[in-house]
Amino acid sequence: MSKQIRRLKERLIEGALLLSALFSIFITAGIIAVLFFETFEFFKEVSIIEFLTDTQWTPLFAEKHFGILPLFAGTLLTTLIAVIVAIPIGLTSAIYLSEYASDRVRTAVKPALEILAAIPTVVYGYFALLLVTPALQMIFPDLSGFNALSPGIVMGIMIIPIISSLSEDAMHAVPMGLREGAYALGSTRLQVATRVVVPAAFSGIAASFILGISRAVGETMIVAIAAGQQPRLTMNPFVPVETVTAYIVQVSLGDTPTGTIEYRTIFAVGISLFVVTFGLNMISYWLRKRFREEY
Amino acid sequence: MKRIFLCVVLALVSVSITSNAYPAVTVKVDGSSTVYPITEAVAEEFQGAEKGKTRVTVGISGTGGGFKKLCNGESDIADASRPIKPSEVELCKKKGIEYIELPVAYDGLAIMVNPKNNWVDHITVKELKKLWEPAAQGKIKKWNQIRPNWPNKEIHLFGAGVDSGTYDYFTEAIVGTEHASRGDYTSSEDDNVLVQGIATDVLALGFTGVAYYEHNKESLKLVPVDDGNVSNGRGPVLPTYENVTKSLYQPLSRPLFIYVNKKSSERPEVMRFVEFYLKNAAELTREVGYISLPDRAYDLALKRFADRRTGSIFGGHGSQVGVKIEELLQKK
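Line by line, the protein sequences are chains E and A. Oh and the first sequence: position 144 is 144 in our numbering, straight run, nothing missing. Oh and the second sequence: position 285 is 1285 in our numbering, straight run, nothing missing.
Just chain A, same shape as in the assembly (with noise of 0.2 Å):
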């Protein structure tokens, strides 16, 4: 019995001293897989600065899950590929969160079919709301579907789930309805399975973040997107750099943000982190392969968050297609 006992007290002690093990301070960020990367670039330089003074935690469960997370006290950072969604506003204000939207980056969808695919050389907007929205489940399954000269084979479709943010602005710049698309096809949280799935299949049409393409430009090929509108563009355009910064690449441009609790920011830890972000975004977006803002969207942000200027410059009404964030930024 005493030896029990004393198993039950080494334990709780053993607990106790592995859980002080940690250093004390902790910048725990979690949200959208698709701005995880430039994050987790900013928090590796981040924490070699500090000297291990200061550990930061990035997770991934997703734009919607990164907000839930905020809203609920749990995080002090949200990752969000798309602005805070009304339900996300509310949820924030019954738990009395406030949080200082700042954007980090920028970010074009890419639509990307495998290598040895012969027979995609571009696609139109139009076709990909054919292929994409919720009528399509269930009919539209093979190529010559789309467009009659394309083979008659099935098509196999990767995209995002639908907890990411990607999926949302996808399905609202493409579909038109935020959150509405078809089903039959195979969707993760995880963008490497997708890039995976497209890599290995020859019948495969996806999206993901463009960043996940430059990091696998040798088993994936890259689709231009044509959005029928003369006034931005002519014809079929890829996303680069150019394009997507001149508001050429259309509707699947956006912008990547950081939320940050502004209970949380008052601690220096989490001020030292975001001014860190913000000041080397502009550099570690393009290391990583996004696309960073002008720099004079960093200084604005800066001042944002000096000024801790809480809400959304969107009002809170989630994705919206074709802004360009300095305009935004200066306006308030």
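Same shape as in the complex, but just chain E (with noise of 0.2 Å):
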């Protein structure tokens, strides 16, 4: 008796583990059928050529053009000064703690580095907009008080302790033989780090810059408060521009009524930034594959 009981119990946990795994797969399939429902109903009405090709985006308005460039040009642009700003510091930050810092340098300051990924983005996109902005703004005068840069720096800031924080860990895993067999040979510390340590580290760390420009890429807070929400396409960062997360917002917060085609353009966009940050995890996790070096 006891041991059908135990049986029953045994099959219940069971059940209930596959249950919980299944739940983030379902919720996962569920939010992808309806960003595809809602863009396939997008696109009844409006060409995906058009949508691909056309170079003005004001569905909101009178006059209604359904080009994604511009907003897309927006996320390139902020994603760009982030990526330029991040991953130099990321990376040079990365060497220093992995090649250079003594442990106890390196234990306390990667928990210090690191800290920069807990800060709110809200409280990063007001930093942009009332500080950094006008900061800047007294080194370019053309500068708007709604531009690309600002937030773009303010983003590479966000990032940089992802890119320094994992390309650490794949530093800090490459076998001290390695090292050591270079100084052996007579090499400085420098040439062991740029020569040995971080191309045996590459697929790690191209898998780190490439989340970090995922995550720029999905950045939404910082850009909505900082860059305008004017979609324009451009690559001027002086000038306001509209991100492709920032116009989500925007028609989210505002009461678009459902089931309009309005409505459907926060889908299409969805699924648009969906398909480019699904892309670049892809990217990401074969480079992480294809260049790993087994020691």
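Just to be clear, a hint being listed does not mean it is correct.
Claimed, not checked - Okay, derived cross-link-like pairs now, DSS-like style, lysine-lysine, Cα gap no bigger than 27 Å in a straight line:
# : chain 1 : residue 1 : chain 2 : residue 2
1 : A       : K1130     : E       : K64
2 : A       : K1095     : A       : K1116
3 : A       : K1217     : A       : K1246
4 : E       : K64       : A       : K1139
5 : A       : K1246     : E       : K64
6 : A       : K1129     : E       : K64
7 : A       : K1126     : A       : K1093
Quick caveat, the hints were computed from the structure, so don't treat them as lab data.
Relying on the hints, combine the two individually framed chains into one complex.
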């Protein structure tokens, strides 16, 4: 009897575990299904060619244009600026932490760097709008109050810990023997770092770059607050732009009636964003596998 | 297992306790961000006078959003910066919600530029139309396209978002068609975003309710507007108290309203709040930078509320330009 009860209990627990594992899969599938459904409805009314090639995005206004290019230009521009800020700083600090810093410094500095990742993005947003932009305006008087430059820089600061921390993990995992071999051949510390450790940890470093980029592409709050809300097909970092994510925020905060074409734009835009970040994550995964050095 | 069960029970209990922690009576207001400062000021005074017995919540989901909530029975009062529109009248009818329309203040829409802008001394309604109409989209991009002696530099436009009554009113007054404008400008339902944008951008031009100018005088420059019509004022006019109440600042001054759900108005706390509102609006509107109605208009509005007279004095047609509120109230 007790054996039977125990078996039943086992089965119940197993079922519960399976259910919770399936739960997140169902949710993901549900989200994708809704995205696809609404996007399908959207493309019944707007041709996909117009969506991808029109250079204006004004679905909420009298003269409607559904060209996603201005939104992607905004995202590309802010991301590019963020990457220019984050990759050099992130990589050099990773090299320092992994190759130069003593264990004591490393255990103190690494968590401190990771605190950057704990700052809520809305705080970063106001930091960009109220502090960085006015400071930049002292250097560039032509800079608009809303612009791509300042949120781009702040977003770069935000993704530094992603890049430095993941790259550092990858470098730290490089076996000591490789370094010792290089030292034995008379290499300097810098040579060991740049010619031995970085190439050996390349797959991890590249994956951290891609993850950082993917984070910047999907970042919402900073750009919604500080970049402006004007879709503009431009690569000029001094004028207001609107990113893909900021547009979604703008529409979902207003009261666009459900079922209208204006409402469906956010799904079409959302799925485009999903495709991009999904693609980036796949690249990161592939890089990690393809260039992984086994020791 | 037992422990998990206990946790769930505890969680449920704590949820039910916290939801009971609020005061029992609440007046829910939602709608226009333009009317918000007035309602918020009234709500503060009212809550003080009630000594915490009653809570008033004031949202800012835009005039359209406010009507939607009112007609869904989700709020007691809607703040509105324009009269109710036919589509909203229809929605309320469908849900069986009746409403009482009460004017609370005048507002002038201010046209503003950056203080460092030294070329704009005034602007005409015609120029504003050329700048904001749908046909301008992607074409009118530089200052000298509006007036040849203005600089050959990009113009950065800031304006109310499409969900706000301010947008509806502006388009009606300037473009001539409600809800029609160019789309390539920085639009936001939050007037503070617009103020911030104009205050930090030399090439900016934008519009908000005049109250937002009053609170940010040092960082903005007001532009006088010339309606090109000699009969109501000569040349460019600023949205001052006098100009707005005398209907000289045309076509950009407008009345602001609250719409009270008739059924909610039977609740004593809502009744007290609305009466408090109309009795104190004259003083408080001035305090927050708006322009109060003539005393007579507030008396007429109080009477309208006491009679629970439903419907809109504008016949449910949305924004109208150049109206004198006391005349309309008297008519009925």
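* Give me the numbers of the hints this structure contradicts, sorted from smallest to largest. => As far as the earlier hints go, 2, 5, 7 are violated by this structure, in ascending order.
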